[in-house]
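A.B. asks: Spelled out from the first residue to the last, the chains are:
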Amino acid sequence: MKANVTCWLDQTAERLPDKIAFADENKEISFGMLRAQAMAVATDLCRRKLFKKPVVIYMEKGVDVLVSFMGTAYSCNFYSPIDVDMPASRVNKILDVLQPALVITTAKLRDAFAQYAYDGEFLIFEETINAAADERLVDAARSRGVDTDLLYVLFTSGSTGVPKGVTINHRSVIDYIDWVTETFDITQADSFGNQAPFYFDNSILDIYSTIRTGATAYIIPKNLFAQPVLLLEYLKDKKINTIFWVPSALIVVAKLKAFRNVDLSDTLRRVLFCGEVMPNKQLNVWRSFLPDVLYANLYGPTEITDACTYYIVDRGFADDEPLPIGIPMANTDILVLNDKDEPVTGDEVGELCVRGTSLSMGYYNNPDKTKEAFVQNPLNPYVPEVIYRTGDLVRYNEYGELIYLSRKDFQIKHMGHRIELGEIETAVSSLDEIALCCCLYDEKHQKIVLFIEEQLDKSYINGQISKLVPEYMLPNKVITLDRMPINANGKIDRVKLKELL
Amino acid sequence: MEEKILAILEEHCEEALQYTGDNMMEDGVIDSFTVINLVSDLEDEFDIEIDAKYVVAENFKNKEAIIALVRRLVEE
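Line by line, the protein sequences are chains A and B. Following our numbering, the numbering of the first sequence begins with 1 at its first residue and continues without gaps. Following our numbering, the numbering of the second sequence begins with 502 at its first residue and continues without gaps.
Hint data in this document are derived by calculation from the structure and do not stem from the laboratory. Quick caveat, the model's predicted, so the values are computed rather than measured. Only true hints are included.
According to the in silico footprint, chain A covers these stretches of chain B (three or more CB under 8 Å from chain A):
hint	region
1	523-531
2	537-546
3	553-562
Dumping the calculated DSSO-like pairs for lysine-lysine here, alpha-carbon to alpha-carbon at most 30 Å:
hint	chain 1	residue 1	chain 2	residue 2
4	B	K554	A	K222
5	B	K562	A	K458
6	A	K444	A	K222
7	A	K413	B	K554
From the three backbone atoms N, C-alpha and C, an ideal C-beta is built for every residue, glycine too.
Kindly produce the complete structure, drawing on both the sequences and the hints.
C.D. replies: Here it is in C-alpha cells:
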C-alpha cells in the first residue's frame, strides 16, 4: 500500500539505481542519485521541523527541480513551483495566498527572490544535496503522513486577478498515474520527451510515470519547439518513443510538414495530448506520416489531476470533425448536468462535472472560490460527496463519447495555457489611460485581441502590464475603437466585437 | 519585396520591426505560432515553399535574416 508517491522512487531506485531517470540540456540524473539527493533535501526539511507545510521551488526548469519536488514529498511537505520568468506582482499574489514555510532555490536565484514580499527561510539547493541524509528521520516523517496529504499546489489564472492554487494530494497522483501507466503500458523500456513546464500539470504524467516505471524522461529545450526539424531530430537522437504535448506544439510540426525531413516511424510509439482542442486537420497530418503510432486525446482541468477523460484514436476523422474527448478514466465518473442540474439525455448540451479519487481538495487558502466550484453532488442528497464543476460545455455523440463544445464563461486556452480573459482585462484596466477595455480570443489565428478606446500601441500596453501578468497572457493584437459597442444590458457587446476579429 | 516582407512581419509581430538583436526566438520576440503564421503568409505572397529545414533560429534571428531567407528562396 502506497501513501506517498516517493514509495515509487524507493522501489525504482533499488531496482534500477544506475538508469537515467531525467535529463535536461546540461545534466542527467540516475534513479539512485535522484533518491539520494532528494533524501538530503528531505533531511534538511525534517531538521527544520517542517511537516505538511507549503514549500516554493524557485529554480530554472531542469532535473534539479525534480530533486526538490521529491525531497519535499519525502518529508511530507508539499511543493509549488514558481517560474523564474513570472512577473513580480503575480509572484507576490501567489506568496500571499500560499504563505510558504520555505523557498528552495539556488544561491544565485536567492538574490533575485529578494525582490518579492517574502521574509522566510531559504534552502540553497547546491549546498544541500551532497549532505549526509538521515533516512530514519525522513522515514519517521513520511510514515506520519497519509495519502490525502497534499503533494503540490499549482496556480492557475483567476478572473479577479488573484491566482487560484489547485491542491492535489498523493492519492490523486497515485490514482492517475496507475491509470496512465496501465492504459498505455508504460515500462522501463520507454522514454518520454517532456514539453510541459513544471508549473503546468501536464508534466505530472511525464514525471510520475517515469518514477513509477523506471522509464527515462528527457526535458526538451524550449527553443526547439519553434524549430520543428531540430525538434524531431532531438526525438530521434534520444530515442524518445512517448510524447505528451499540448496540441499547439504538435500543430507547429504538422503545419511545417517537418516529417518530410525526419523519419520517426521507427522511433515514436505514443503521441498523447491534452490542454486544448486538437484539430483533426493537423492530427491527420501526423496520422498520415506516422500511421502506426498510438494517438490519445486526454481532457481535464488541473482540478482533477491533469485529466479525467480520454479517447484513443481508433477511427478516421474528416478535417472539420471534432475529436472526441472520449470516456472517463478508471475510478473517475463524469456527470453531464443541464441547467436544472439533471443528467442530460440524448445529445443535450450540459456542463461537464467530475467526481473521483483524483479530485483536488480545493483552492488553497480560498474557501469562497472552493465553494463555488467544488459542490455537493446534486444527484446525491444522502451523504457528503464533492464534485467539481468544470465550466466546460459538452454533449455525447452517437458512440457515447463526450464531445467538447465550449466554455460557459470567459476562460480560454492559449498555447496550452489556461487563461481567464478577465485577468488580462483587470490588468489593462489598471492603467491610468484606460477607461474601458475588452479581451477576446481569436481562435483561428490563436491570438489574444484587446479592444480599447484610446490611441495606445501594443508595445506600450504590454510593457505596462507585463509587470502584472505572465508573458503568455499579453495581448497579441490591440484594436482601438472610437467607441466600445454596448448591448441592451449596458454591458460590452462581445458579439459585436467578435465580428471585428 | 522587402516592403512586402516587412508588412507581413508587422501584421504578425510589430516588435520584430524594432528588434535589433540577433536571436528573436530566444529573446521571446516571436513564438512558434508567429513563426508558422509568418511562414504561411510568406509562402502565399511570394509563391515559394519554405521547407521546415529552414525554420531554425538562425533564419529567424531578426528581420534582415528573414528578408535574406525569402530572397534566397525566391531566386532558387
